[in-house]
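Required output: the full structure, derived from the provided sequences and hints.
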Amino acid sequence: MRLSDSDKRKLDGEEGPAVRHAMEHLVKMGGAFEAEEMVDLHSCHLLSDYRTMGEGGLEFYEQLVEWGGIMRVPTTCDPMSMDMKNMDKFDWPEGYPEKQTRISDAFRDLGVALTFSCTPHLGHNVPKFGENLAWVEGNATGYANSVLGARGNREDSITAPLAGIAGRTPKFGLLDPENRVGECLSRSIRTSWSGWAATAVGLAIFRHWE
Amino acid sequence: MSETITLHGHPVSRGVGEGEALVCDKPLSFIAVGISNEEGIVRIDKHPLNGQSIAGKVLIYDTDIFSTGGALSMYTKKTIYKTAPAAVIWRKAHNIGAGGTIYAGVPSMDQIEEGLPWDLISTGDWVKVDSEQGIVEVTKKS
Amino acid sequence: MNLTDADKRKLDGGEGPAVQHAMEHLLKMGEAFDAEEMVDLHTVHVFSDYRTVGDGGVNFYENLVDLGGHISLPSSCEPMSMDRNHNDQFDWPEGYEEGQQKIVDALATLGVQPTFSCTHYLNANVPKFQSNMAWVEGNATGFANTVIGARGNREDAVTSPLAGIARRIPKYGMLDPKNRTGDCLVEIDPNLIERIGGDGRRTADYEALGAVIGDFAYDRIPVVTGLPDYMQNEELKALVTACSPAMTTTLMLLVGISPEARTLEEAFGGKVPKDVDTIQVTEDDLREMYGQLEQTTKEDVDIVISGCPFKTLQEVQELTEQLGEQKVADGVKFYIFTDRITFNMAKDMGLVERIEAAGALLTTDTCSWCMPVETMFGPDKVIASDSMKMRRLLAGDGKPTWRYGTLTDVVDAAVTGKFKPSRWN
Numbered sequence: 000m001r002l003s004d005s006d007k008r009k010l011d012g013e014e015g016p017a018v019r020h021a022m023e024h025l026v027k028m029g030g031a032f033e034a035e036e037m038v039d040l041h042s043c044h045l046l047s048d049y050r051t052m053g054e055g056g057l058e059f060y061e062q063l064v065e066w067g068g069i070m071r072v073p074t075t076c077d078p079m080s081m082d083m084k085n086m087d088k089f090d091w092p093e094g095y096p097e098k099q100t101r102i103s104d105a106f107r108d109l110g111v112a113l114t115f116s117c118t119p120h121l122g123h124n125v126p127k128f129g130e131n132l133a134w135v136e137g138n139a140t141g142y143a144n145s146v147l148g149a150r151g152n153r154e155d156s157i158t159a160p161l162a163g164i165a166g167r168t169p170k171f172g173l174l175d176p177e178n179r180v181g182e183c184l185s186r187s188i189r190t191s192w193s194g195w196a197a198t199a200v201g202l203a204i205f206r207h208w209e
Numbered sequence: 000m001s002e003t004i005t006l007h008g009h010p011v012s013r014g015v016g017e018g019e020a021l022v023c024d025k026p027l028s029f030i031a032v033g034i035s036n037e038e039g040i041v042r043i044d045k046h047p048l049n050g051q052s053i054a055g056k057v058l059i060y061d062t063d064i065f066s067t068g069g070a071l072s073m074y075t076k077k078t079i080y081k082t083a084p085a086a087v088i089w090r091k092a093h094n095i096g097a098g099g100t101i102y103a104g105v106p107s108m109d110q111i112e113e114g115l116p117w118d119l120i121s122t123g124d125w126v127k128v129d130s131e132q133g134i135v136e137v138t139k140k141s
Numbered sequence: 000m001n002l003t004d005a006d007k008r009k010l011d012g013g014e015g016p017a018v019q020h021a022m023e024h025l026l027k028m029g030e031a032f033d034a035e036e037m038v039d040l041h042t043v044h045v046f047s048d049y050r051t052v053g054d055g056g057v058n059f060y061e062n063l064v065d066l067g068g069h070i071s072l073p074s075s076c077e078p079m080s081m082d083r084n085h086n087d088q089f090d091w092p093e094g095y096e097e098g099q100q101k102i103v104d105a106l107a108t109l110g111v112q113p114t115f116s117c118t119h120y121l122n123a124n125v126p127k128f129q130s131n132m133a134w135v136e137g138n139a140t141g142f143a144n145t146v147i148g149a150r151g152n153r154e155d156a157v158t159s160p161l162a163g164i165a166r167r168i169p170k171y172g173m174l175d176p177k178n179r180t181g182d183c184l185v186e187i188d189p190n191l192i193e194r195i196g197g198d199g200r201r202t203a204d205y206e207a208l209g210a211v212i213g214d215f216a217y218d219r220i221p222v223v224t225g226l227p228d229y230m231q232n233e234e235l236k237a238l239v240t241a242c243s244p245a246m247t248t249t250l251m252l253l254v255g256i257s258p259e260a261r262t263l264e265e266a267f268g269g270k271v272p273k274d275v276d277t278i279q280v281t282e283d284d285l286r287e288m289y290g291q292l293e294q295t296t297k298e299d300v301d302i303v304i305s306g307c308p309f310k311t312l313q314e315v316q317e318l319t320e321q322l323g324e325q326k327v328a329d330g331v332k333f334y335i336f337t338d339r340i341t342f343n344m345a346k347d348m349g350l351v352e353r354i355e356a357a358g359a360l361l362t363t364d365t366c367s368w369c370m371p372v373e374t375m376f377g378p379d380k381v382i383a384s385d386s387m388k389m390r391r392l393l394a395g396d397g398k399p400t401w402r403y404g405t406l407t408d409v410v411d412a413a414v415t416g417k418f419k420p421s422r423w424n
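Protein chains in written order, with numbering that gives the first Met the number 0: chain A, 0 to 209; chain B, 0 to 141; chain C, 0 to 424.
Check each hint, because a few of them may be wrong.
As the list claims (entries may be wrong) - If you anchor each label on the Cβ, the simulated ranges turn out as follows: (1) A:E93 / C:D329: 49 to 57 Å; (2) A:I69 / C:S421: 20 to 28 Å; (3) A:V180 / B:E113: 40 to 48 Å; (4) C:D39 / B:G114: 37 to 45 Å; (5) C:H69 / A:F89: 31 to 39 Å.
Think of the hints as simulated: they come from the structure by calculation, not from any bench.
We treat Cβ as the ideally placed atom computed from N, Cα and C, and that holds for glycine.
See the structure below:
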């Protein structure tokens with residue numbers, strides 16, 4: 000992968016250990032998908048819930064904080080394993096609230112807006128046409144790509160925060176305009192569908208299990 | 000006897016209204032913060048009509064600027080405080096002025112065929128706007 | 000105007016008196032602007048504040064309720080003359096609370112989402128490319144047309160709710176795709192772009208740049224070249240704020256940013272006209288605009304205002320960082336305006352606590368635009384603000400005097416009581 004001078008500086012640790020760590024991962028990702036270069040990142044959306052990420056995810060985020068990581072682009076986050084306003088209505092397992100709170104604390108330190116929402120594209124992190132995203136969450140990346148013309152893969156929950164810290168991401172998949180053309184045709188989509196329904200269709204590249 | 004001229008234009012809000020002309024060639028807004036609803040007096044920084052009352056006048060200006068709330072400010076001027084103008088003539092109507100005058104029932108026109116309205120009408124002239132017919136009768140101040 | 004059978008049924012009262020009343024007005028609007036037909040409406044944003052709409056506005060909305068009006072489309076509404084979280088912090092004039100409450104109640108009955116925000120396009124009522132809008136609010140229609148490619152005029156406060164009730168709107172102005180091409184050209188000097196914006200400066204810089212563009216374009220659609228390849232939502236929000244205090248149109252075609260201006264040629268509808276009216280914007284223009292927005296050289300300020308258009312969550316974060324551990328000076332009021340959605344998030348994130356500990360106030364639902372500043376602030380007051388729009392709209396006889404600067408400048412003014420402009424000197 001071709002790296003810009005500033006990419007190389009980041010990779011060499013000149014912008015601190017968090018950025019270096021992030022760049023090391025991003026270079027591997029780019030290599031794996033044969034990306035030719037990195038592009039500037041514009042928006043980030045992260046995984047939040049302790050139920051999914053568990054202890055490993057918590058430590059991952061806390062490590063990033065320890066290294067001085069800070070999100071360089073507007074960043075929001077997915078729903079979490081806690082309803083702060085209705086704690087008594089749910090029977091969260093032992094340890095969940097404590098662990099979830101530590102994740103929220105790490106987010107605060109990383110500069111993440113604590114939105115805890117899977118519809119950031121309709122509030123607080125509205126992407127624009129042509130913008131580069133590192134977002135988790137299928138319905139959100141579906142809407143952002145399909146309806147708004149922003150560019151982003153359904154990024155994994157490790158690459159998304161690391162790309163946000165580096166401010167860069169490898170140009171692969173839907174980040175590369177060359178790949179944003181149809182591969183199959185669905186004739187049944189009614190033109191009068193609202194965007195919300197269109198979200199469900201996403202980029203209409205559903206795959207069956209077989 | 001004073002000189003009278005007849006002008007032709009494009010109707011926006013249909014009706015007939017007459018009054019003394021108050022003229023400028025700048026944009027204006029009916030918004031309460033710019034022209035108070037209660038008094039109908041223009042209070043906009045450096046505006047040529049600053050300090051003048053629009054109530055009962057045939058108001059002539061370029062087009063609408065500032066807030067879209069101008070339409071409901073106009074409606075309140077007309078229906079509550081009686082501080083609305085008798086009629087409005089623009090070089091070109093903006094939908095803010097159009098929506099307000101149409102709904103409040105204040106006759107209005109734009110696109111005067113004979114030229115720019117401020118070249119043809121002066122403050123103090125007596126003006127009758129008949130936007131049913133698309134005609135403006137101007138009796139020049141003697 | 001060509002009406003469909005469904006339009007005619009609505010006009011004949013087939014869908015009740017509110018829809019009929021709405022269609023009658025829409026028909027007149029369409030005829031005034033020579034529209035050939037009506038189009039389906041997709042989203043509505045209506046006016047709210049009692050200060051602007053007065054008792055006529057109360058009667059207007061209550062009449063729509065009496066007629067059985069209902070807005071079933073995605074909707075939102077403007078800030079109002081009341082802060083439901085901080086009622087004791089403001090001295091609203093007699094009758095305001097009652098008047099405003101009647102509007103709030105009527106909007107609720109009509110089915111309007113109670114957002115009380117001017118930046119709903121970033122958090123509550125997000126339009127799509129080619130959505131048809133009936134929206135009031137210049138910065139919102141500016142953003143939606145320019146950045147998202149949605150279609151709508153800066154609709155007036157009467158037509159917007161009526162179109163929402165009828166679910167139709169005459170195809171005129173920005174609703175007609177053939178009118179969405181450039182009339183004039185703005186070329187931004189690369190040296191300016193190198194220096195513009197940055198932490199604590201982006202809002203004021205881009206609002207001033209917007210005013211330069213808007214004053215030039217006035218009633219035309221400007222095509223703008225030379226902007227950065229990428230601009231944040233907050234920077235674009237600041238730029239398009241000029242759609243109301245500077246230009247009467249509500250679309251800027253930003254080449255490389257606007258979806259309808261991927262190239263210069265596309266922005267002009269296929270071919271750049273030979274003798275198109277053009278300006279080059281340099282640092283000097285921005286310096287001059289900052290100067291023009293200053294009404295006085297008095298250093299002592301009484302009030303500091305930030306958040307017009309309303310602050311996004313990111314901007315509340317930025318302001319909290321700027322404030323840090325500093326305290327607002329004795330005798331100075333520091334108002335920061337945002338909507339309730341953003342306020343609640345800021346509260347959950349601990350930002351409100353930090354802002355209040357500094358002695359500043361993050362308001363909800365309202366702003367100085369919705370207040371009679373003549374009496375609530377007073378004509379002898381000096382206000383420092385980073386809002387070009389407030390400065391332009393709220394100045395004049397009997398009103399406070401304004402100073403204009405960056406967010407950093409106005410935060411410093413709040414903390415020291417002295418305004419010292421730092422930008423473009």
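Against the structure, the hints:
no.: 1; hint: A:E93 / C:D329: 49 to 57 Å; result: 50 Å, holds
no.: 2; hint: A:I69 / C:S421: 20 to 28 Å; result: 25 Å, holds
no.: 3; hint: A:V180 / B:E113: 40 to 48 Å; result: 56 Å, violated
no.: 4; hint: C:D39 / B:G114: 37 to 45 Å; result: 40 Å, holds
no.: 5; hint: C:H69 / A:F89: 31 to 39 Å; result: 36 Å, holds
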